[in-house]
Amino acid sequence: MKSILTYFIARGWAKTKRTKTYVLLLVGLLQIVSTAAYGQTVIKGKVVDEKTQEPLSGVTVLQKSTKNGVTTDANGAFEIKTRDALPVALSIILAGYNAQEVDVYDAEEPVTVSLSEENNYFDEVVVTGYTTQQRKAISGAITSVNFTEVNTHQADQDVAKLLQGKASGVQITSTSGTPGGGVTFIVRGNNSIGGSVAPLYVVDGVFMNASNAVGSSGGNLMSNALADINPADIENISILKDANATSIYGAQGANGVVLITTKRGKLNTPSRINFTVSHGWSEAVNRFKVTTGPETGQLLNESWTNTANDYGEELPDYLNRVKPAHYNLVYPDFPDRINSPQYASLPTYDRIDGLFQIANSSDYQVSVQGGNAASNHYIGVGYSSQESVVKPNTFERFSGRINYDNNVTRNLKLGTSFNINRTQRSNVRGNDNDPGGIINSAIFPRSFLPIYNDDGTYAAHATFNNHLRLIEHLDNDYVTWRNIVNLYGEYTFLPELKFRSSWSFDYVHNTTRSFSDFALSTNGSASSSSGLDLVYSAEQLLTYIKSFGRNGAHSVNAFLGNTINIRTSESVGASGSNYLFDQLKEVSSAATTSGSSSRSESRLVSFFGKAGYTYDDRYSFEFSLRADGSSRFGKNVRWGYFPAAGLTWSAGRESFVKNLKLFNDLKLRGSFGYAGNQNGIGNYDAIGVWSSSSQSYLDQASIAPGRLANPDLTWETTRQADFGIEFSTLKNRLNVDFDLYHKYTTNMLQSVTVPSRSGYSSATRNYGEMSNRGVELTIQSVNIQTKNFKWVTDFNISANRNKIEKIPQEQTLGATNRGTSILREGYPVNSFFLYKQLYVDPQTGNAVYDDVDKNDSITYADRQIVGKALPNFTGGLTNILTYGNFELNIFFYFTQGNDLLNMQDFFLLHGGTQNGIGFVPRQLDRWQKPGDVTDIPRLTTYNLNPTQNNGPANNYTGQVANLSSRYLDDGSFLRLKNISLSYTLPKSLVSKLHLNRVKATLSATNLWTLTRYKGVDPEVSAQSSDQNTAGYDWATVPQPRTFQVILNVTL
Amino acid sequence: MKTIYRYLIILILAVNAALLPSSCEEFLDVQPTSSLVADNAIYDAKTARASIISVYSSAKSYSTGSAVTLGVIPGDNVFFGGSQSQNIELDANAFTVTNSAIVGAYRENYTIINRANWVLSEVPKVTDEALTDEERNHLIGEAYFLRAFAYFHLARSWGGVQIQLQPTTDLSSIGNIKRSSQEETYARVIEDLDEAERLLRPDDNTTRNRAQKAIVQAFRARVHLYARQWDEAERYATQVIDNPKYELVSPYRAFFTAPFLTKEAVFEFTSTATDRNTSWSAWYPSAVTRSGSYERRPTSELINLLNDPEKGGTRNVLIAQSGSDVYGVLYNTVSTTTVAAASTDPAYVIRLADLYLIRAEARARKTPANLPEAVSDLNRIRNRAEVASFPETGDANAVLLAIEEERRLEFAFEAHRWYDLVRTERAKDILGVDRNFWLFPIPRADVLSDPDLDGHNNPGYD
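Sequence lines, in order, name chains A and B.
Position 101, counted from 1, in the first sequence is what the numbering used here calls 131; the numbers after and before it change by one each time, with no gaps.
Position 86, counted from 1, in the second sequence is what the numbering used here calls 127; the numbers after and before it change by one each time, with no gaps.
Isolated chain A, as found in the complex (with noise of 0.2 Å):
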């Protein structure tokens, strides 16, 4: 019978070329035509969404206990025939939606059934590594975001923003409040110190390039790939934790591995067209404060003054002595007024003021999504706009994508997903850790210094440019085009066997222009360049998916593929400058041109499999191996082979737990394996090379030793092991996942000093290792479900501790090679290492440090590890209260015990040792007289301690210097980081506008924060693109707070 059937529907397909519906109809027909001889049965009915009431195609109805069953046409309606007598039981089954089984009676009725969305946590299926499974197989440590709605209603425009605080295991902080800003992005811990952290990203199923836009001057801090990806577009992401998961990614996979999953129409539905319209204001919730000009001189003028006392002389004489050059900042016509302090006179020219602005941001989305029998689709279209609250940046994003897949006949299906994004942030500040940025040039002057000279031109004093002129002269742009596209071909050999190859690329074309105009450059500057990135994936994946025995007690889920990855990076640039006129922005009219080019290609071949077999939907076991060959690594080791193991006792099906009434369902998983990291290598790290210039001393030619071989550098391996519990009870309505796992990285790749005398100062190898071990626990939770009120609480934690086990020498970094953080053995990655203040000796008004090697002087032996930027936990807590047509959600972020090195204090609590730099007001906070009772010690403007040379002295200089941890705050937080509220048009009014449904939100983000950062916002991290120097504060955007108003409309 089969094969005559599929016989027919080939010969019918194939001679009358019509559509995949007439062979559906056929295969109808064909059915009733061998079943009508019997005198059947003929039950009629209608699938509907509870909530919605709207049709449901695409459902599964199954006459209980038999293979008889259909699936419902586009408007819901179903047709089934059976031979049995009445009653006969049903069962409707959709995807996403609970399980239903109706008994009909009588088939004269129609029967209509009303589909609830599914809340069963067990049965979601979650997208793994190469495939899908249900939550209740998955024997790893896999989060899985669903991307609604209201997930866009906070104004970050950036998927790695909108994910921050919604998972577990996973830490994101965006580095600043600029708009396509910079994000660190973390999963369980850092693995790294040489190396990449970042996870791998893959779109479905394309691997992403997630280097920065904004490649140079602070880059990291500026930009961030995953803001290319158009949220709106976004179905789901998972995120693939433990090593179960990820080894299936191999070399690619220690950092764990971000699944991004985008819409896609579904067969058989009614194209609906969605459009989103939302418009925002931003501000800073705080702002930078210096102190006022007569604070400013009045600080000045004491530390003057203390100096001289301890000289042992008066203010006028010390000056006349010393003459400091600089003294006529405080006293323009010194020294005629030396002996009447005039700064209670000066003025304040406020220059923070201009810094600012409210900021305007808007998106705008249409979509159409759908499908007919044969194939379905997704097109979207956004545009989003942002500016950034301190002046001038600017993000605009344009995204367009198209998914769609054909059935092309029963055993093949086609398919596309096809993105083109292009993303242009423009102004974009050049690192803010510089004197010449724009925050800086605003706060480090001194107040009482005029903004503009008495001609009307700006006024630049000391070291620092000025704020004004370089927000106005500003001019540049980064525009990113991205292009991520997968084609795909699969093909059902059997029901339980499939073959899918799909060949992709995500292609980056970043192109940057630059000009400095006469007033930021003498006679002008300009730079152009563009960069090509490739990344081409082409993957064949063999799956076998089948159940077998009584009752399908035994099934098998396993596949087999290979995959073969090219990344490619070109870059061509050319730069000028001397222009005759500042109209000609272009390099080509610049006097003096130069440019450059580079190339580098990197290659992965990689074999791998995964079998997993479950017995009675009890106990399953999944292993997998995969095999990675990278170009990267060196001759010696260049495969490596990542096995991992998983077990999955599923509790709630044993009849014993059953009896105990407690669980609807229970599991218990504990997997263990290895993964791998080979990001943070270069290309060709392990060639041996000589560097050349063609141009070198007198022009002429020059070769030098460049790197030596390294034929043993290979990439770093975590290995993993993780025990998790799931369970849900009450009903379903409340799901609990907690998780327990222990990373550990070898072969850590390091930069590693070694004796200068070599001629080098570092290589790079395989040496350390790093642990990280946390807990993670997820809870979510329906409280309430009534018929008009609905209120659900999801709620995450997770604790990680991190903690280097092995590395060659402590190596001290960051702040701009003040040495500011360490790495050190025993001790997490980004820890702070300064001199720990314990007082300021009321009597003296001088700082007193911790002497820890108690030798009586202030030496390098006292610095210490006084803090981290690590969080001791982070997690996030939604509320989404449903009442009628309204809905309410609140999302609160937090993070804890995680320390923030205030830059703004570190350089201007200067205590008058700087010259030129101004004060923040907690400098006003001195020691003035025997009996204060302070932190911040006495003013001086000299260097040293006069009594101990090399001394720690108590101002910026000396020993100490500024590696007090004075600058050292508390940067946790709890932030309320979005709150919105939506009104749903009642259905009876919407419909009589020929609409489907049409909803407006209020939101607003970043709303209230409670911190005892002292700094300006705490949700900052600023330094470099290096991972192991988080937690700076240093002249950084904060994260502004914005409302917005948001328009649904579904036609």
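Certain hints may be false.
To be verified - Derived coverage of chain A by chain B (criterion: at least 3 residues anywhere in the stretch with Cβ under 8 Å from a Cβ of chain B; other residues may be distant): (1) 200-211; (2) 327-339; (3) 651-663; (4) 706-717; (5) 845-851.
I should point out that these hints are in silico values taken from the structure, not numbers from a laboratory.
As the structure is a prediction and not an experimental result, all values here were calculated from the model.
Using N, Cα and C, we set each Cβ at its ideal position, and we do this for glycine too.
Starting from the known structure of chain A, arrange chain B on it as the hints suggest.
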């Protein structure tokens, strides 16, 4: 139809299969296009010539950068007005073992040494008819000179150091080499200079920016001065002073005004439009030249001295004023105010003026002292700057103090002041710096990573 799909599948599989095992290893061999894949790239005349250029290149960047930073900021001519702690430490003479300026300078010298060692080890092995024995010897001679150059800078900054004479081919076998004493290090410098002088081809009349026998002699005079070998210092200084190739130029500003490589220049590292020297930016206020950071500022004491016609004379051209900001102009003489910086100023390594003052000092210090001739040398320099002659005196100490002050002004922004005060053991008197801090610390990373240092740093830093 179905068969077509079957074929399609087979085709896809075949493409993959064909791509793969054709040789995975070959597929995975990807090589860089911007650098030479080689263990040793010196094999013919062209590469031999290019190899010595790389030694010059690193010596040049040291001379325009670190040498000035370390020679000037710890002294009393310049104070640091920026916020970088490594420079603040230098200014305050509170050197720490992780000071990045000091660490960087130490490494740069060994980079020069390693590159020179490659030339010394490989150029003799090159068999290429295009490379004559004369040229080969000259290249080797240049490498000896530049290696001596680096060891001299190490010795005067860190004391005795580890003498590395072989190129590094493998980081795991750099040899067990202990630190030499400062005397031994200077002796190695002299030994290398001997070889250089022997191997270099005869001098021409124009070269002032690549090694010449006369440059070696001039450098040697300086080394002997530091090694307190007065007779040799005097002898070598005389050789150069008597060389008609060199003469003092007038006015004073001529030596640092383009075109460079004046007759006074014994040795300069030349900058070009493609190989620029942008060190001026640290000296210029942003009000004068946009990218100026004005971090290195002349002290009021120096300003007063330079502006004193009795002391500074025409050397007051070393400073200029914009508003209330007084700044040093030695390193950006091409641009005065608004003209763009050409950034082609050289590094002034040895000027003839130095040889006069070396000889003056050697003559005043040797036994028996030759004070009249010492004063005569001193006055050559004073008179060129239009400063009145120093009177004849029998007081050797007065002459030495006069030389000290003369050097301070003559080389105000060149890499001398700090080293002069340390060399003459006057750093305590003048700057109040304890003797323990007269040498810079060995980088902490080296003390930790090099067992041959036995865990010890210079005194005062352990």
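Hint by hint, here is what the structure shows:
no.: 1; hint: 200-211; in the structure: violated (count 0)
no.: 2; hint: 327-339; in the structure: violated (count 0)
no.: 3; hint: 651-663; in the structure: holds (count 3)
no.: 4; hint: 706-717; in the structure: holds (count 3)
no.: 5; hint: 845-851; in the structure: holds (count 4)
In the structure shown, a violation is registered for the earlier hints numbered 1, 2, in ascending order.
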